[in-house]
Every structure is written in structure tokens, then in C-alpha cells.
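*Asks:* With chain A held as given, fit chains B, C, D, E and F onto it using these hints.
There are 6 protein chains.
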Amino acid sequence: MKITINRKAHFNSAHRLNNKNWSHEKNIEIFGKCNNPNYHGHNYELIVSIKGEIDKDSGFVMDLKKLKEIIKEEVEDRFDHKNLNLDVREFEDLNPTVENIAVVIWNILRTKIELQNDLKITLYETPLNYVVYTGE
Amino acid sequence: MKITINRKAHFNSAHRLNNKNWSHEKNIEIFGKCNNPNYHGHNYELIVSIKGEIDKDSGFVMDLKKLKEIIKEEVEDRFDHKNLNLDVREFEDLNPTVENIAVVIWNILRTKIELQNDLKITLYETPLNYVVYTGE
Amino acid sequence: MKITINRKAHFNSAHRLNNKNWSHEKNIEIFGKCNNPNYHGHNYELIVSIKGEIDKDSGFVMDLKKLKEIIKEEVEDRFDHKNLNLDVREFEDLNPTVENIAVVIWNILRTKIELQNDLKITLYETPLNYVVYTGE
Amino acid sequence: MKITINRKAHFNSAHRLNNKNWSHEKNIEIFGKCNNPNYHGHNYELIVSIKGEIDKDSGFVMDLKKLKEIIKEEVEDRFDHKNLNLDVREFEDLNPTVENIAVVIWNILRTKIELQNDLKITLYETPLNYVVYTGE
Amino acid sequence: MKITINRKAHFNSAHRLNNKNWSHEKNIEIFGKCNNPNYHGHNYELIVSIKGEIDKDSGFVMDLKKLKEIIKEEVEDRFDHKNLNLDVREFEDLNPTVENIAVVIWNILRTKIELQNDLKITLYETPLNYVVYTGE
Amino acid sequence: MKITINRKAHFNSAHRLNNKNWSHEKNIEIFGKCNNPNYHGHNYELIVSIKGEIDKDSGFVMDLKKLKEIIKEEVEDRFDHKNLNLDVREFEDLNPTVENIAVVIWNILRTKIELQNDLKITLYETPLNYVVYTGE
Numbered sequence: 001m002k003i004t005i006n007r008k009a010h011f012n013s014a015h016r017l018n019n020k021n022w023s024h025e026k027n028i029e030i031f032g033k034c035n036n037p038n039y040h041g042h043n044y045e046l047i048v049s050i051k052g053e054i055d056k057d058s059g060f061v062m063d064l065k066k067l068k069e070i071i072k073e074e075v076e077d078r079f080d081h082k083n084l085n086l087d088v089r090e091f092e093d094l095n096p097t098v099e100n101i102a103v104v105i106w107n108i109l110r111t112k113i114e115l116q117n118d119l120k121i122t123l124y125e126t127p128l129n130y131v132v133y134t135g136e
Numbered sequence: 001m002k003i004t005i006n007r008k009a010h011f012n013s014a015h016r017l018n019n020k021n022w023s024h025e026k027n028i029e030i031f032g033k034c035n036n037p038n039y040h041g042h043n044y045e046l047i048v049s050i051k052g053e054i055d056k057d058s059g060f061v062m063d064l065k066k067l068k069e070i071i072k073e074e075v076e077d078r079f080d081h082k083n084l085n086l087d088v089r090e091f092e093d094l095n096p097t098v099e100n101i102a103v104v105i106w107n108i109l110r111t112k113i114e115l116q117n118d119l120k121i122t123l124y125e126t127p128l129n130y131v132v133y134t135g136e
Numbered sequence: 001m002k003i004t005i006n007r008k009a010h011f012n013s014a015h016r017l018n019n020k021n022w023s024h025e026k027n028i029e030i031f032g033k034c035n036n037p038n039y040h041g042h043n044y045e046l047i048v049s050i051k052g053e054i055d056k057d058s059g060f061v062m063d064l065k066k067l068k069e070i071i072k073e074e075v076e077d078r079f080d081h082k083n084l085n086l087d088v089r090e091f092e093d094l095n096p097t098v099e100n101i102a103v104v105i106w107n108i109l110r111t112k113i114e115l116q117n118d119l120k121i122t123l124y125e126t127p128l129n130y131v132v133y134t135g136e
Numbered sequence: 001m002k003i004t005i006n007r008k009a010h011f012n013s014a015h016r017l018n019n020k021n022w023s024h025e026k027n028i029e030i031f032g033k034c035n036n037p038n039y040h041g042h043n044y045e046l047i048v049s050i051k052g053e054i055d056k057d058s059g060f061v062m063d064l065k066k067l068k069e070i071i072k073e074e075v076e077d078r079f080d081h082k083n084l085n086l087d088v089r090e091f092e093d094l095n096p097t098v099e100n101i102a103v104v105i106w107n108i109l110r111t112k113i114e115l116q117n118d119l120k121i122t123l124y125e126t127p128l129n130y131v132v133y134t135g136e
Numbered sequence: 001m002k003i004t005i006n007r008k009a010h011f012n013s014a015h016r017l018n019n020k021n022w023s024h025e026k027n028i029e030i031f032g033k034c035n036n037p038n039y040h041g042h043n044y045e046l047i048v049s050i051k052g053e054i055d056k057d058s059g060f061v062m063d064l065k066k067l068k069e070i071i072k073e074e075v076e077d078r079f080d081h082k083n084l085n086l087d088v089r090e091f092e093d094l095n096p097t098v099e100n101i102a103v104v105i106w107n108i109l110r111t112k113i114e115l116q117n118d119l120k121i122t123l124y125e126t127p128l129n130y131v132v133y134t135g136e
Numbered sequence: 001m002k003i004t005i006n007r008k009a010h011f012n013s014a015h016r017l018n019n020k021n022w023s024h025e026k027n028i029e030i031f032g033k034c035n036n037p038n039y040h041g042h043n044y045e046l047i048v049s050i051k052g053e054i055d056k057d058s059g060f061v062m063d064l065k066k067l068k069e070i071i072k073e074e075v076e077d078r079f080d081h082k083n084l085n086l087d088v089r090e091f092e093d094l095n096p097t098v099e100n101i102a103v104v105i106w107n108i109l110r111t112k113i114e115l116q117n118d119l120k121i122t123l124y125e126t127p128l129n130y131v132v133y134t135g136e
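Residue numbers (this note's numbering), protein chains in the order written: chain A, 1 to 136; chain B, 1 to 136; chain C, 1 to 136; chain D, 1 to 136; chain E, 1 to 136; chain F, 1 to 136.
Just chain A, with the same shape it has in the complex (with noise of 0.2 angstroms):
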């Protein structure tokens, strides 16, 4: 029997969009006013969702106190109340959309969830835009 457990969780961050081989004119032109070079900033929501077999002693697929933990040491302490561009190694190179933000989150997390239980990043920007990735 496998099931899919879910855990929420949230961190307040600044970004900047930017590609720095583009000219300032396309910049503007595909990032608009998130091309601010002061930076702007979003509460992020995060969902962590883990499919596997319910453990027949405990009734659970993996405690959920456990991967509140990780998800605070492996994503919160990192992001939370930081600058991602300027802050989080992951994104020295990589621009910090919603979507590449998933991404790093999930590659960071597939190396502490068991691996016969698959991982599903969902990710909100804002109430009205959100992100979901599988690892596909």
C-alpha cells in the first residue's frame, strides 16, 4: 500500500531575476520588474510530498517530525530571511525563478529521502503562481 505524505512548509526571501549574458534591454524585456537590481522578495510555500509503503508497526510512511527537521535544516536555515542570489551557492550561476528554486530544493532533498520513495517539490511564488516538479 503506498501512499503520498505531505509536509508544508514556508521561508521569506529576496531574488533578482537576471541573465548576465543578456543586454540590460532583454533583461528588461523577459523579466520586467523583476529584473530590480535592489532585489524584491516573496513568501515562499513549500510542499515536500513523499510516496512509499506504510510501515505496518508505526502506520506511517516516514515520521513526519523527521522530515520537518530536514526540511528545516536542508531548505529553511539555508533560504529563509536570505538574499538566494547572493546568498545560496546554488544560485550563483543559476537564476533564481520559481521553477530553478524547485529544482535545487528537490535535488538537495532527493539525497536525504529514502530512495525506493519518490519526492515531489510543489513550490508557490505568490498565492496565484506555483510551481511542481517530480524529478522527470
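Hints were generated in silico from the structure; no laboratory data involved.
Treat the hints with care, since some could be wrong.
Note that identical chains are pooled: a pair holds if it fits in a single copy or bridges any two copies.
Capping the alpha-carbon separation at 30 angstroms, the derived lysine-lysine pairs in DSSO-like fashion look like this [claimed, not checked]:
{"no.": "1", "residue 1": "120", "residue 2": "51"}
{"no.": "2", "residue 1": "33", "residue 2": "112"}
{"no.": "3", "residue 1": "72", "residue 2": "8"}
{"no.": "4", "residue 1": "51", "residue 2": "33"}
{"no.": "5", "residue 1": "56", "residue 2": "33"}
{"no.": "6", "residue 1": "68", "residue 2": "2"}
{"no.": "7", "residue 1": "2", "residue 2": "51"}
{"no.": "8", "residue 1": "56", "residue 2": "2"}
{"no.": "9", "residue 1": "20", "residue 2": "68"}
{"no.": "10", "residue 1": "26", "residue 2": "65"}
{"no.": "11", "residue 1": "26", "residue 2": "8"}
{"no.": "12", "residue 1": "72", "residue 2": "26"}
*Replies:* Just chains B, C, D, E and F, lined up with the frame of chain A:
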């Protein structure tokens, strides 16, 4: 790397559920108070989901500003503050159940979204009732 | 010890904003697309708030089951899945703006709630627009 | 044309996580404060999702009024304002984790929903923790 | 310049509504299924509101980190994953209705918040039922 | 008859909490990770509340389309996708705490709303923290 981007929108419409080929009694039996000949209405909440490759240069699957405009022109401008039965061509001979509205929106947007990208429509008629359509 | 108890409810209705004494042009200028002669509609979210003394024996200001029934009989049964302009007596000569709907609901419920208790009506027309009326 | 219809419901229950075959220490280690012998409780939010063909005549996959009644009789009437461990037969020998509750609800509803339609259960234990079960 | 700061928190508890001085029949009549002797439970959502002057140097009415700690120590640690009737001293002889729980929380926090600041407690028992208490 | 109309809006901004007159240590002690020199950010949710008489002819306190435009021009266009410390004149010498941002918005809008109407600003910095300011 494929990811799903999601954009929320909404429209406020009147509608009535009715099958012209059925008796009054049958319409009342099946549609209940939704059959009110004077119409009732809803705040429809729409989520448009598009799955595709992340562009290496922009970090986008698709520019969300463009998606927002497409949804505004193709759905909101045609459905918002309208009577779906009387004002929207697609429902002249189609009962505007939440299922059928979602299919109509999917058919409209399918022609506007690049074909290599998957399209999914989620439509809330009320906070307690919603449908998901993938074109299957 | 006075406390305010609050109960949420909702109803789905069609309506049209229109002033019969105004020209077509004036109605369009003031009410815009809300003036659509074929109606549009909303999921109205209602909060009924009652402030009074906590009864020592029950620990209740008022039995919420009774309040739920009063709201159902007096508001939901009369407004839900109705056309406010055509089906609800109170709006025969009253424009069903969210302001006026809230005042009508307050007037209806004021006669059903014990007079020593204060009554407040909060009414959402959309998630972005709502009003609060206290009978002031 | 296949579409998924979704209906939300809720129930408020007490429960305790405990494995009778484990020592007190092991139960505390694994279940923490959820092992409180005096019970604690939750507002469970349930989403029942049914995927099937849209009926040409009604425009429905299934009458949502009937689905609402099935959920009320089979889930709410049996789980709401109950102690899951003491009052619900299915948990006599099954630990009422959110995973197991979702599986129990799926098993109950699977016998009430037409077999050609897919069934999915989403169950929120808190706004931050939820599971999704498809019978896989 | 006075402003109100608000901090949300939550706790998950079991409870039972019962008046020891009433007959079984009267308890059932007034409290219905909330009288279940085996308890039921809720996810209580709490909002603590404090009104005071903005400090010129910090721009704060009060450090929200400190408020968060006070709520954790005084409310969450004592109420969360507890049976209110059996585990929380204040309800030994007080019926844990949502009204009375809000008053108890107000009384606890009033001694921890500076006296020149106003205190207001909002407590949701379910998404549809909540109370507001100001110590009036 | 006086009623309060409410309109929601939002803006996404970067900010940093810092007092130039304090030592680095004191800034860290009081503002913690909010003092990050590289900034962090939030999705600010704003509710503008206006209390006034219902106009007999329109049924409006104020045209919500006009209120929406005022909020867009005076708040969203100036604050959205900006760095509050660097890009918004009002915070050159004012620490952009959520308290101070709400006061600044109140002061801006007070000059745009008719004086006989009361004005209240509710501002969410995160879903868990918000303030309410009435100009008191």
C-alpha cells in the same frame, strides 16, 4: 527537466443547469435548485497548469506574464461578469456544469499553448466543489 | 464577561447592479460590467457575529447549532441559488450591492437574535471585496 | 472525456497513536506527544476525488448531491465528534495515523462509488500535514 | 501612534462538553455530539492581538519573536496534543467551550503582556466557528 | 447607515530591518535574521478598509473600481517588486517594520480618501504576522 507551472485566475458568472430535452420534473430531480430559471452564480477559481521543459536562458517554462494575458483575453474577458448560458457562445447547446466549463476552457487554451507542453485545468465552482481536466 | 461568537455560512446567487432612475449610460459608467442585463453571480461568504455574556451553565453565548439553523432558514434558504434581483423580495426596489445585501441580512437577523446581544455582519462578495455592518 | 470531480468534507475527532506491541519508551520515541494516553484531536479536512466520463445528458460525472450524502453517511456520521480509537470499529487493531485513516476511508468509499470510476482520498490532519491515497 | 500586532499559532486538543450538574438528557440536549464521553478534538487556530505604541528605535510594538515564545510556553506547551478536560488544570471545573478556552488564554497571557498594551484573543475551533475576546 | 468596505491587494518587496544608530551587535540582538545586509523579502497582503455612509443612488460607500485604482497607483506601483529600504523614499530614514509600513500606507491613502470616511489598514507580512492601524 520538465516542471509544471501553475497560474490562478477567477471569474464571476451566472448560470443555470438545464437539459432542454428533459421534462421540468426530470430537470428538478437531477439539477435541484441549480435549475432555477432566474439563474444563480459563482466566483469561479481557475488554475491553469502547463508542463514543459525549463528554458536554460530564462529559467522559465513560459513567461507567466504572457500566460496571465492569455487567460485574461481568452477566459476572463469572455466569462467574467457574464451569464454563461446567455452570453457565452460555447454554452448555447452545452449545459454549463463545472465539468463542461472546465472542458471548454481546456479546449480554448489548448490552441494558445505550445503543443509540446501539457495542459491541465482545475476549476473551483465553490470552495467545496472542483474539477480537474487534462484532456484525457 | 462578554465575548463575540462568529459563524460562517455561504450562498451562491446571481445579481445585477442597476438604478432604474438612471440612463443606460450612467448605469454603465457607475456599475460597469456589473450592469450586465443577463446577470452575473458570486459565492457570497457570510460571517454572523454575536456579542454577549457567556452563560455560566453552558459556557455558551448562544447555542451555535441554533444560530446555524437561523442562518439557514433566514438567509441561505432565501438567498442561495437565487437571483437576488428577481427572487428576493427585499431587492425589488433596492440595488443588491454587497453593502445593501449586508444591511438586509442584518435587518433580518436582528429580529431573530436576543436584543441584549450585539450583531455584526461580514459579507464577502469575492475573496478581494467584503463589507462589515454593525447596524450603526 | 474523463474528468476528476472533487468534494470537500470534514470531521472533528480525538485519537491517540500507539502500538500495543511496543514498550512505553518505544511508543514515546516514535509517536512523541501523539502518544498522550488521554488523547488529543484534529479537524480533519477530507477531499474525495472521483475520475470518470462526463455523462452527455447531465453534464455530470456523478451527482455531487449524492456524493455529499455518501460522504456524510459513510464517513462524517461515523467519524465526526468521535474518538477514532474507541468509537470506530476499523481502528480497534489499527493505529489511527493519518495514513491509515485515509486508507480506511478509501476502502469504505470504494464499495460505494461505481467501479469504472477512479477514487482518490486526500486527508489533512492539520493545515501543514496531509496525505493522498489512490488505492495503489 | 498606536497599532495592533497580531500573531497566529495553533494547538491540537481533545475535549468534551459536559455539565456535571445536569442530567445525561440535558447534556445531550444542549451539547449534542460534543458530549461524547470518549472525547472528540479540534485543530485550534489562535490569534493573539496586542495594541500599543510603536517604539521609535525598533519600529516594533513588541518583539514578535518574544511574543511567539510566550505563546509557545504559556499556551502551546500546555494545550497542544492534550486532553483539555483531563490534562489542563484550568478546565477541571470549567467546561472547555471555545468561549471559555479563549477567556482562559486571555487570562494567562494578560499577566505576560505589558499592562499599557491592550490584549485581544481570537480562537477558531473549526474554520466555521470562532470567538473574539477582549477582556471586556 | 454606516458600513465598512474592504479591498484586498498585495505587493512583493525586499527589505532589511536595521537601526543605523545601533551597534551591529544590538541590531543582531533585536532584529536577528531580519538584519541580513543582503535583504530578504515578503509577499505583503494589504486590506484597505473604508467606513462611510451608503450612497442612496448607487448603493456604494465608494466605487471599488476607484479604490482599486488608488491602491494600485499609490501603493502597488510604488512598493511592488521594490526594495523598501533602497527604492521607497518614505523608508530612507524609517525602519521598514510591518508596523511602520502600515503607518506609511495609511498616511499616503488618508490624503486620497474622503475625509468624512474612516480609514483602516491591515497588513500581513507573513500568513502568521500582521498589523492593524486606524490612525489612532
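*Asks:* Using 30 angstroms as the alpha-carbon threshold, which applies to residue 72 and residue 26: within, between, both, or neither?
*Replies:* Answer is between: at 25 angstroms across copies they meet the 30 angstroms cutoff, but 37 angstroms inside does not.
*Asks:* For residue 56 and residue 2, with the copy left unspecified, which applies at a CA distance of at most 30 angstroms: within, between, both, or neither?
*Replies:* within (12 angstroms within a copy, 34 angstroms between copies)
*Asks:* Indicate which option fits the pair residue 120, residue 51 if close means a Cα-Cα distance not exceeding 30 angstroms: within, between, both or neither.
*Replies:* For residue 120 and residue 51, both the intra-copy (8 angstroms) and inter-copy (14 angstroms) Cα distances are at most 30 angstroms.
*Asks:* Between the shortest in-copy and the shortest cross-copy C-alpha distance, which are at most 30 angstroms for residue 26 and residue 8: within, between, both, or neither?
*Replies:* between (36 angstroms within a copy, 27 angstroms between copies)
*Asks:* At most 30 angstroms between alpha carbons: which applies to residue 20 and residue 68, within, between, both or neither?
*Replies:* Classified as between; 26 angstroms across copies, 36 angstroms inside a copy.
*Asks:* If the cutoff is 30 angstroms on CA atoms, where do residue 68 and residue 2 land: within, between, both or neither? Let me know, please.
*Replies:* both (20 angstroms within a copy, 26 angstroms between copies)
*Asks:* At most 30 angstroms between C-alpha atoms: does residue 2 with residue 51 qualify within a copy, between copies, both, or neither?
*Replies:* both (7 angstroms within a copy, 19 angstroms between copies)
*Asks:* Tell me, please, which holds for residue 33 and residue 112 at an alpha-carbon limit of 30 angstroms: within, between, both or neither?
*Replies:* between (36 angstroms within a copy, 25 angstroms between copies)
*Asks:* Reference check for the pair residue 56 and residue 33, CA-CA at most 30 angstroms: within, between, both, or neither?
*Replies:* This pair counts as between: shortest inter-copy Cα distance 20 angstroms, intra-copy 52 angstroms.
*Asks:* At most 30 angstroms between CA atoms: does that hold for residue 51 and residue 33 within a copy, between copies, both, or neither?
*Replies:* between (38 angstroms within a copy, 25 angstroms between copies)
*Asks:* State whether the alpha carbon distance between residue 26 and residue 65 is at most 30 angstroms within one copy, between copies, both, or neither.
*Replies:* between (45 angstroms within a copy, 15 angstroms between copies)
*Asks:* Cα distance capped at 30 angstroms. Does residue 72 pair with residue 8 within a copy, between copies, both, or neither?
*Replies:* both (11 angstroms within a copy, 20 angstroms between copies)
Every hint from the earlier list agrees with this structure, and none is contradicted.
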